[in-house]
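Colleague: Turn these sequences into a full structure, and let the hints guide you.
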Amino acid sequence: MPRAQPGHFSLFCHILMLNSASASRVKAHVIPKESTFLYTTGWYLQEGESDLKKSKQLLVASVAAGMIALTAACGTGEENSAQLQKGSGSSDEDIESSTKEDEELEESVQSDTSEASESDDTENKDGSEVESTSVLSGELTVSFLDVGQGDATLFQTEEATILIDAGRHDRSDVVEHLESLGVEEIDVLAGTHPHADHIGQMADVISSYPVHEIWMSGGEAGSQTFERTLDAILASEAAYEEPRAGDVFEVGDLLITMVHPVNLTGDLNEDSLSMNIEYGDIHFLLTGDAEHGAEAEMLERNEPLEATILKAGHHGSSTSSTPDFVRAVMSEAAIYSAGVDNQYGHPHEEVRALFSDMDISFYGTAEHGTLTVVTDGAGYDIYTEKEVIPYDGAHSEPDDTKKVESQEASNDSPADCIDLNGASADELMEIIHIGEERALALIDQRPFDSVKSLTAISGIGDARVQDIKDQGLVCSP
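Residue numbers (the UniProt record's numbering): 1 to 477.
Any given hint could turn out to be false.
Unchecked claim - Calculated lysine to any residue pairs in the SDA-like style (CA-CA distance at most 25 Å, straight line):
hint: 1; residue 1: K452; residue 2: Q224
hint: 2; residue 1: K386; residue 2: E332
hint: 3; residue 1: K452; residue 2: V175
hint: 4; residue 1: K386; residue 2: Q224
hint: 5; residue 1: K469; residue 2: V374
hint: 6; residue 1: K386; residue 2: V374
hint: 7; residue 1: K469; residue 2: S458
hint: 8; residue 1: K452; residue 2: Q466
hint: 9; residue 1: K386; residue 2: R228
hint: 10; residue 1: K452; residue 2: V374
hint: 11; residue 1: K469; residue 2: E436
hint: 12; residue 1: K452; residue 2: E332
What the hints assert, rightly or not - With beta-carbon atoms standing in for the labels, derived distance ranges:
hint: 13; residue 1: E437; residue 2: L299; range: 18 to 26 Å
hint: 14; residue 1: D324; residue 2: K469; range: 39 to 47 Å
hint: 15; residue 1: T265; residue 2: S208; range: 27 to 35 Å
hint: 16; residue 1: A235; residue 2: Q466; range: 29 to 37 Å
Rather than coming from a laboratory, the hints here were simulated on the basis of the structure.
Since this is a predicted model, take the numbers as computed values, not measurements.
Don't be surprised by glycine CBs; every beta carbon is placed ideally from N, CA and C.
Modeller: Below, the structure is given as C-alpha cells:
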C-alpha cells in the first residue's frame, strides 16, 4: 500500500486548523479558585452550576481536546506551510527528523499551554486590582435601547460588541435596533436574569447574528421564553459562561468586572448578573433587576461599584437604588429603561427624588427614547432620541457635542403586558410559576380583579404572587 504523502496530510491539517482558528475569539478571564480547571481546554466547571453550563462546557471541552490532539499530530500552521513548500518527497532522514520534531513539538505544546494558562489570568498575583493593558482604539458607543418595559443595552467599539439583555418577549424590536446600529456580530450576549422582559428576544438575536459567547446568571424560569432561549443557546456554537462576582473579562478594549452574584439564592431579580464595564476612565455600572438585598451584599463585600454612569436597577423601581448604594457608585448620570405610561409607575418618584437630591442627572427611555452615550475614554456625551439634550457633564466640552435629529419612535408592537382576563394559555405561560395546568385553571376562573387574586389558583401563594408582580409581565386588571 502506498505511504500517505506528507504534503497531502499537512494540507488537510492546515485547513482544519485554519477553520478552528477562524472560529475562535480569544479573551482573558480570571479562573475562580474553587473551580475544577480542565487543563487541556482552559474551561472550568464549578459546583452548583446549571445543567446548561455543564452540558455546554463538556461539549466544548471534548471538541477542544480533539483539536489539541489534532494540533499535536499535525504540527503548527507555520510548520505545515513549510512542509507544503518542500513538496511531498520524503527520505528516511526526513522521517527521523520529523520524529524528533514531533517530540520537540509535544514539549512546546505543553509549555505553551502552561504559559497560556498563566497569561489568561488577568488578576495580579499580589491580589491588586486588574488594569486593562489594551490601547483604546477610538470611541465607545453605548446605546440604552428603547424596548418598552424591558431592557437591552449595546456596547460598541472598533474591537468589541456586547449586548446586555435582549428586550421583551412580546416585541420584535431588538434585532431591528441592532441592524440600524450596524451590528454584524456579537462578542458577548448577556442575559442578566431569565425574566421575559430581559431575555425576551435573545433567541432571535442568537439566530440573527454570529454570537461568540453567551452569559447567563444560571437562574431558571418556568416560561416558554426561557425554554426557547435555552434551546437557542444549546443549538448555537457560542461558548457559555455563568460569571460570578470577582471574575474579570477583557473583551476587546473593554474591561468587565463582575460584582454580583457570588452564589445563586433562588431569587431571580436578586441574582441578576451585575457588572462594572470600563473604557479608559469612564465606567458603566449595570445591575439588571438586583434589588435592596443584592445592593447591600455588594456594599458589604466592598465591590468596585464606582462608576461614571449608573443604569438604575429594576427599571427605576424603588425596590432598587438605595441611598447607600447610589452614594457608593458616585455616578454623574443615571439611566433607566422602562415603557411609556407603564402600569408599575417606573421610575418611581422616590428614585427620581433621590437622584435629584444627589445632583445626579437622570435620563430614561420612557421619556427620551433610545439614549446614546459616546466616550473616548476621557470625556463623554449623552444624546437622546426624542429630544436633543446632550449632557454637559463635568467630563464633556459643550462645543464638542454633536446634535442628533429628534425623532418619535414608531412602534406597532403588541401591548407591553399580559392581560389576565384576555390572554391565551400560551401567553399566560410566559408568567412565572404559570405552567399549562395553571394557565388553563386561570382561564376557567376568570375574571380576576387583581394580581393578588391569583392566590385562588392552586399552588399560587403570596410569595409567588410577589414573584409575578416583580416579573413585570402582568397588566393590572
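Colleague: Each hint should be assessed against the structure and marked as holding or not.
Modeller: We went through each hint and held it up to the structure:
{"no.": "1", "hint": "K452 to Q224", "verdict": "holds, 23 Å"}
{"no.": "2", "hint": "K386 to E332", "verdict": "holds, 21 Å"}
{"no.": "3", "hint": "K452 to V175", "verdict": "violated, 35 Å"}
{"no.": "4", "hint": "K386 to Q224", "verdict": "violated, 34 Å"}
{"no.": "5", "hint": "K469 to V374", "verdict": "violated, 35 Å"}
{"no.": "6", "hint": "K386 to V374", "verdict": "holds, 17 Å"}
{"no.": "7", "hint": "K469 to S458", "verdict": "holds, 18 Å"}
{"no.": "8", "hint": "K452 to Q466", "verdict": "holds, 8 Å"}
{"no.": "9", "hint": "K386 to R228", "verdict": "violated, 33 Å"}
{"no.": "10", "hint": "K452 to V374", "verdict": "violated, 43 Å"}
{"no.": "11", "hint": "K469 to E436", "verdict": "holds, 19 Å"}
{"no.": "12", "hint": "K452 to E332", "verdict": "violated, 39 Å"}
{"no.": "13", "hint": "E437 to L299: 18 to 26 Å", "verdict": "violated, 42 Å"}
{"no.": "14", "hint": "D324 to K469: 39 to 47 Å", "verdict": "violated, 25 Å"}
{"no.": "15", "hint": "T265 to S208: 27 to 35 Å", "verdict": "holds, 33 Å"}
{"no.": "16", "hint": "A235 to Q466: 29 to 37 Å", "verdict": "holds, 34 Å"}
The structure is inconsistent with the numbered hints 3, 4, 5, 9, 10, 12, 13, 14, although it conforms to all the rest.
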